[in-house]
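Enquirer: Given chain A's structure and the hints, the job is docking chain B onto it.
Take a look at the letters that make up each chain.
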Amino acid sequence: MLEGVRVSRKFGGLRALTDLDFAVEKGRIVGLIGPNGSGKTTLFNVITGLYPADSGRIIFKGREITGSKPYEIARLGIARTFQIVRPLMGLSVLDNVTAAVLYGRENIKSMAKGRERAEEHLKFLRLEEWRDAPAQHLPAADKKRLEVARALATHPDLLLLDEVFSGLNDKEIEESIRLVFRIRDELGVTVFLIEHVMKAIMGTCEKICVIQYGVKLAEGTPEEVSRNPAVIEAYLGKKKSC
Amino acid sequence: MYVALTESWNLLGGYAGYVSLGHIAFFATGAYTTAVCMSRYGISPFATFLLGGVFAGILAALVGFPVLRLRGAYFTISSLLLAVVMQLAFLNWEFVGSSTGLWYKPVPVSIVANRTIFYEAMLLLAIAVTLVARRVERSRFGMGLAAIREDEDVAKTMGINTPWLKMKAFILGAFLAGAVGGIYGYYMSYVHPDITFSMNASLLILLMAFFGGCGTWSGPLLGAVALSLVNQLIVTFIGAEISRIFYGLLLVVVIIFMPDGVLPYMRGLLAAKDA
Numbered sequence: 001m002l003e004g005v006r007v008s009r010k011f012g013g014l015r016a017l018t019d020l021d022f023a024v025e026k027g028r029i030v031g032l033i034g035p036n037g038s039g040k041t042t043l044f045n046v047i048t049g050l051y052p053a054d055s056g057r058i059i060f061k062g063r064e065i066t067g068s069k070p071y072e073i074a075r076l077g078i079a080r081t082f083q084i085v086r087p088l089m090g091l092s093v094l095d096n097v098t099a100a101v102l103y104g105r106e107n108i109k110s111m112a113k114g115r116e117r118a119e120e121h122l123k124f125l126r127l128e129e130w131r132d133a134p135a136q137h138l139p140a141a142d143k144k145r146l147e148v149a150r151a152l153a154t155h156p157d158l159l160l161l162d163e164v165f166s167g168l169n170d171k172e173i174e175e176s177i178r179l180v181f182r183i184r185d186e187l188g189v190t191v192f193l194i195e196h197v198m199k200a201i202m203g204t205c206e207k208i209c210v211i212q213y214g215v216k217l218a219e220g221t222p223e224e225v226s227r228n229p230a231v232i233e234a235y236l237g238k239k240k241s242c
Numbered sequence: 243m244y245v246a247l248t249e250s251w252n253l254l255g256g257y258a259g260y261v262s263l264g265h266i267a268f269f270a271t272g273a274y275t276t277a278v279c280m281s282r283y284g285i286s287p288f289a290t291f292l293l294g295g296v297f298a299g300i301l302a303a304l305v306g307f308p309v310l311r312l313r314g315a316y317f318t319i320s321s322l323l324l325a326v327v328m329q330l331a332f333l334n335w336e337f338v339g340s341s342t343g344l345w346y347k348p349v350p351v352s353i354v355a356n357r358t359i360f361y362e363a364m365l366l367l368a369i370a371v372t373l374v375a376r377r378v379e380r381s382r383f384g385m386g387l388a389a390i391r392e393d394e395d396v397a398k399t400m401g402i403n404t405p406w407l408k409m410k411a412f413i414l415g416a417f418l419a420g421a422v423g424g425i426y427g428y429y430m431s432y433v434h435p436d437i438t439f440s441m442n443a444s445l446l447i448l449l450m451a452f453f454g455g456c457g458t459w460s461g462p463l464l465g466a467v468a469l470s471l472v473n474q475l476i477v478t479f480i481g482a483e484i485s486r487i488f489y490g491l492l493l494v495v496v497i498i499f500m501p502d503g504v505l506p507y508m509r510g511l512l513a514a515k516d517a
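The listed protein sequences derive, respectively, from chains A and B. Per this note's numbering, the very first residue in the first sequence carries number 1; after that it's consecutive. Per this note's numbering, the very first residue in the second sequence carries number 243; after that it's consecutive.
Okay, chain B solo, but in the shape it has when bound:
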């Protein structure tokens, strides 16, 4: 799941350099779409995850129009606000269950089967999102985003319609995150603003991308897999408290010694060996 989320964040955050702390809002939009569709309308779950993506995309378009005009830290802060404000709104909105959350019947199969389906669907989605990211990176679109990241004014004078390009990346990233949230929704069969809009998840996405190396399709993949694995192993074998500390240490080490992320660092080492 984090692979897909981190890759979808990376489209705008990594390629175009617009670091968002509100990506979880799109994920939550997807999860809530599934929840509302299933609990209130009984719509078949296999259609709702795309719908979740579409809603998240629409949300991105509405929010992106003003927010994408901001640069640097201002963009980051306002993206964070998006998640916070939405979380507050959902806590108080009856229709989506407000602060009690929304329970709904899980997909009518056994728990084990449900887990398997969830796992496989997530895996497929993660692969799909990674492939999309890889394609974007090697395309005209990706070149344009990279130009924006490096110098937005220069990008403009090169003939790049920067607002539109950023918007496209934002919407695409939101759509993918929404689809991830939509699938997550089936599996959980319960959504609550505190869980679904978890600030930790927003941060985690960012950390994973920075860990692996943002601006490449493979960086977030590595970061998400590695950090998830490390986290699981430590929680299982040592204990949850230690895991947090270790996690923090690992990130400090990476950021100090490999500021571009693990993957570009490794590449640099390899290149140095060849030379």
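Chain A extracted, bound-state conformation:
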């Protein structure tokens, strides 16, 4: 579904991504992990077009999207959440989702219809009790769910989740793991997620891609990756020391 070929991105002299190859197959849940600053979020920004790639190609559903505008990519069917949650703070929870529905891929133009669809999305994420509250008043965990709701409201084929599990307690993590499966199984959306919480990664992903300093370190099933000596040294080893 999504494929990257030798994707690179530099910030001044810093090579955030170097010749990175990656692939996300349709209908799967794929994880992207790596130590802090390894370029995970940059990769998401490159995929969604917020930071264009310097070189390399990104292909989505057989179409090259390298260099496309963010809104064009969104309309082709890639939605994302942000690591530091960015709901539209001043708008109500319902309006956040409604705006996404109205500009999403379902081609709903009327306010009333858009509201209706938005309510369904709120139900899917169990946010309906917050419907009329301004987004800024939501507790952190609910803000994260709102990010997911807004992303899903555009009716994507591929959802990029940027650390939706971080800062949650155990119960919330369990719930979020179920949520990721519901997104894939009930909505048929392919999921590509960045995560630090090991439990969540091992519990959801069928394939994991590990990057470090913008270079791919390993790729494979959770078991393969967690046995890979390079990964243990770079990632898990580092974790132990701190």
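Since the hints were derived computationally from the structure, they do not count as laboratory data. Note that the Cβ used here is the ideal one computed from N, Cα and C, for glycine as well. Hints are all accurate, no fakes.
Chain B stretches covered by chain A per the calculated footprint, using a threshold of three residues with CB under 8 angstroms from any CB of chain A: (1) 380–394; (2) 400–412.
Taking lysine-lysine pairs in the PhoX-like style, the calculated list, with each CA pair at most 25 angstroms apart, reads: (3) A:Lys113 - A:Lys123; (4) A:Lys216 - A:Lys199; (5) A:Lys123 - A:Lys171; (6) A:Lys113 - B:Lys410; (7) A:Lys199 - A:Lys26; (8) A:Lys10 - A:Lys216; (9) A:Lys216 - A:Lys61; (10) B:Lys410 - A:Lys69; (11) A:Lys109 - B:Lys410.
Expert: Chain B alone, transformed into the frame defined by chain A:
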């Protein structure tokens, strides 16, 4: 007049959060269109105000292309420059009367009738602009603009064509301001760069919107009416000098105690009462 101007400013400034200090340039474009049409070509005034709007809209499209790429304070500064540069250009441009301004015959009716017509036309236009703003606010367009105001990058990832949406709001706002200027042109029967491009007016528009509460159709309406009234009352009964001071104080109070504007503040109070 200020209701219409403030509402038209609010389309981009309030809904999308692009605070412009050059809105008066569009108003002046409209006024000058009327002035030039009447003094040089003798075109009937009742067609020129729309033409003024169209010219202002075209100007917005040309200027908007580069300027709308800027965000925050950078956009505000460059919008201010638009007004300043145009004022300078008009001061030196023979065709539009340069620094002597442009006199032309008023509409051939008595002064009283002229005032009445002007008043009624302005009132109609103010209502029309307010209705447009209200419609925009409750539409898909308005939702998109609000998303841009809250977080432009997020708006992009939601599939919103942000440059185009901003451009639409900018052009629509400019068109409406141009039409207002066009009508103002008949009434004054004189345009001069210092008056028509008045920086004070640009500021006043901004203050009125912030006073009432921008981002809603009713905020600028309230702000424009309230501030105009206060201003008139004080000038009439106390004196123009006091009016400035009072005005300033009022704004300081509003901005400190009701940073979102008077109207959202009142709504908050009402909601608190209900709860």
